[in-house]
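S.K.: All chains, full assembly: derive it from the sequences and hints.
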Amino acid sequence: MQRARSLFGRSWRGCCLPALVVGAALWMAASATGASFRATLDRETIMLGEDAGLSLTFEDASPGDPPAIPNVPGLRIEYIGPSSSFSFINGRTTSTLSFNYRVTPQRAGEFTIPAIAVSVGGRTLQSAPLRLRVTPPSAPPPEAVQAGSQPAFLRLVLPKPELYLGEPVAAELQLCLRQDVQSFGNFQLTALPADGFSVGRNAPGARRRVQIGNAVYTLVPIQLALTPVKTGAQTIGPVTARVTVELAGGRRRDPFFEQFGFGLFGGAEQRDVTLVAEAQTVRVLPLPTNNVPPGFSGAVGNFSMEVSVGPTNVAAGDPITVRVRITGRGALEALTLPEQPAWARFKTYPPTVNLDYTDHLGLYGSKTFEQVITPQDAGIAELPEFTFSFFDPDARAYRTLTHPATALVVRPGGATPVPALAGGGSNTPNESAPVMDIVHIKPRLGTLATTTTPLLMRPWFVAAQGVPVLAFVLALVWRRRTDRLALNPRLRRRREAARVIREGLGTLRRLAAAGDSEAFFATLVRVLQEQIGERLDCPASAITEAVIEEKLRPRGLSEEALVLLHELFQAANLARYAPVRSEMELNALLPKLEAALRALQEMES
Amino acid sequence: MKRRLALAVWLCGVALGPAIAAAGAATADALAQFEAANRLYEQGRFAEAARGYEAILKGGSFSPAVYFNLGNARFKAGELGRAVVAYRRAMQLSPRDPDVLANLRFAREQVHGPKWQPARPEQWLERLSLDEWTLLAAGAFWLALGLLAVRQVRPGLASWLRWPTRISVVAALGLGGALGTVWFEQTGRQIAVVIVREATARQGPFEESPEALKVHDGAELRVLDGKDDWLQVGDGRRRPGWVKREAVYVLRAVGGDV
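Chains as they are written, first to last, in the working numbering: chain Z, 1 to 605; chain C, 1001 to 1258.
Because the hints were derived from the structure by calculation, they are not lab data.
Small disclaimer: the values here were computed from a predicted structure and weren't measured.
Please note that the accuracy of each hint is not assured.
Unchecked claim - Listed next, with one range per pair, are the computed distances between beta-carbon atoms:
{"no.": "1", "chain 1": "C", "residue 1": "Ala-1036", "chain 2": "Z", "residue 2": "Arg-399", "range": "47 to 57 Å"}
{"no.": "2", "chain 1": "Z", "residue 1": "Pro-341", "chain 2": "C", "residue 2": "Ala-1077", "range": "30 to 40 Å"}
{"no.": "3", "chain 1": "C", "residue 1": "Leu-1173", "chain 2": "Z", "residue 2": "Asn-354", "range": "26 to 36 Å"}
{"no.": "4", "chain 1": "Z", "residue 1": "Leu-474", "chain 2": "C", "residue 2": "Gly-1180", "range": "25 to 35 Å"}
{"no.": "5", "chain 1": "C", "residue 1": "Arg-1166", "chain 2": "Z", "residue 2": "Val-473", "range": "18 to 28 Å"}
{"no.": "6", "chain 1": "Z", "residue 1": "Asn-354", "chain 2": "C", "residue 2": "Glu-1208", "range": "48 to 58 Å"}
{"no.": "7", "chain 1": "C", "residue 1": "Ala-1036", "chain 2": "Z", "residue 2": "Thr-453", "range": "24 to 34 Å"}
{"no.": "8", "chain 1": "C", "residue 1": "Gly-1177", "chain 2": "Z", "residue 2": "Thr-453", "range": "21 to 31 Å"}
Every residue gets a Cβ at the ideal spot worked out from N, C-alpha and C, and that includes glycine.
M.R.: Have a look at this one:
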């Protein structure tokens, strides 16, 4: 068996390997000889606004990089990506590599994509030239719309056939979707030719249902702000767009198939629709040249104006803010603050501007200018009236809004220097023209600082902030202490007694030195009474020598202290009858008194 | 007593005399440099004038006028970004000077492309300088604690002082909050001003990173991050990008040259 297997193995190697080598060689030879290249368009005729697909296909050849496409005027050709396939038919293997491009026409007409030459493996392959016909866009005929044969179509609606130059209007693009369109997406405007107009913002409107002929459509409005910039007959459109609609086809969307990418099998039918809205022509009228107000600066619309001025009591050179709020409908973005020739005695600075729209298209809203002006000299009594002129297209006439003069009090100037305009030189009336340059340099150095360290980072300043905290804490402590004393009469008495004793001892030393024995003993008794009274919580005047035995001994006062107290009281009594004592004798009593007081203070009260 | 007083005055004079004399000399030098730079400016030699104003700043003397004139010289020399930096410095020292505000606004109007713009509350807070906010907040703080202390010491006045105390406490808290915000704005968040004619902000901090946006001379941008020689900056509306540090001037709190 082993031998048989060995024989078989040797036979397989002997027969199959040469066959494979020969087959590969034949395939390579076939590949080398069968290499081909062709260019194809998926459609030969398209409408302006649609795309065509261009494929450069190589069979049994690979050029590596996508071939460069010659420039064709009127066509934009963008590379999308490659795709490849491999087939094995009747024993012949074919590999196909395609480079795909998107061809977008810029205008209608006949175009030729010239022959493309590609070098592959030393050979040059060439494709045939391709012709592409681009027809002008055309809207579906009214019959088709009325019959409901169009799943979607586009209309352009302008509010009026005549406009004034600079008059902004809201045009409406109406995307109409047939009743059976379940949903739509990928809406893309591909062309909006509007040479004589400035196209502004756009905003979707509220959907509504309309009946056109026998068909019911869902109308999806898209509003568009347009402002004419050229006079004469101006055309907008044809507008082209693309949209993907999902048509109800009786089949429901199946999420099971959809997750595998088989939407066509399980869901509604998706269709890409090219939309074309017919061009519209508008007559754009120039603004009238008669009765143009002197301050007219090109504003077209319908506006109202509010003006506020403040402060009205200033020194010459001080700033005054003039706030002008213009509200209404019109080209607010282009609105400028008109020159005010009557403000020649004021220096004007570039205004700050704040624009607030009240609609999505930017046609309604308000524009606020904050203009800083400085009176040049004292004695100016008023800010002259402020005027704003505009052309009202509805009334077909110019209108002028006026804010009356504002009374001012201008005092002689202080230290603030009046700024001068660069290149201005002198104070002439022409200076009220719009400021076109920076304010000139300052001639004075001003107050010099040697450090720019903020106060907040200077240690002394931070430390100084501790002062009020400390003051508050001290006040709080003081208040607590006062309250505690007010609520504790024993403590108050103790402190008062301590004070009386402290002062009494001082007095005793003085009296001893003076040899005034009468006053000395009177003070000594008062000090003892004060201390014993505080200890026994009874009036000081009620304390006599008898208290020593009656109340102090039971409280455990030491025998030594009791003896001292007796001695002191008796010495005081004796002094009444024999008042003359020497300084030495009086001084000798003081240590005894202090010892007695200490013993009393140590006694439990 | 009189002798002691005279001795104290003499000692103070000895101690402070040199400092006062040095300060006086520095002021005189600065004044002379300022006059010379102004003359150069009037002659149209703006770059030289700018160097003159910078010399004053490098000498350690600062005033809104120096920064303002430096901004003008930079502006006239075509260095919009450095002009904006100088005007901002002048505004930090003198935030309500109409000349400074007008020139900063005018310079900002010349800047093309993306730029960061402060929100309205930030603009409002910029009307006072950091030191002014500090003094206001400190004043309210002192007043509030002073009134609280008086109420402790003189309880009889408590009913009279109730509302002033409440108002001063609320004012101290509000002004403290405003001060904190201004402090954070000036020190926590950094603003980079583009000082080259045009700089490419890239999506990453590498030369090879794809371009994110182009920024132009004078554009003020928020600094969001930094890595090596790159700064991530943004205008708050578009996606941020990384620019080379050398293309921008990063504004710190008050101080520094321009």
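S.K.: Could you work out which of the previously given hints the structure breaks and list their numbers from low to high?
M.R.: 6
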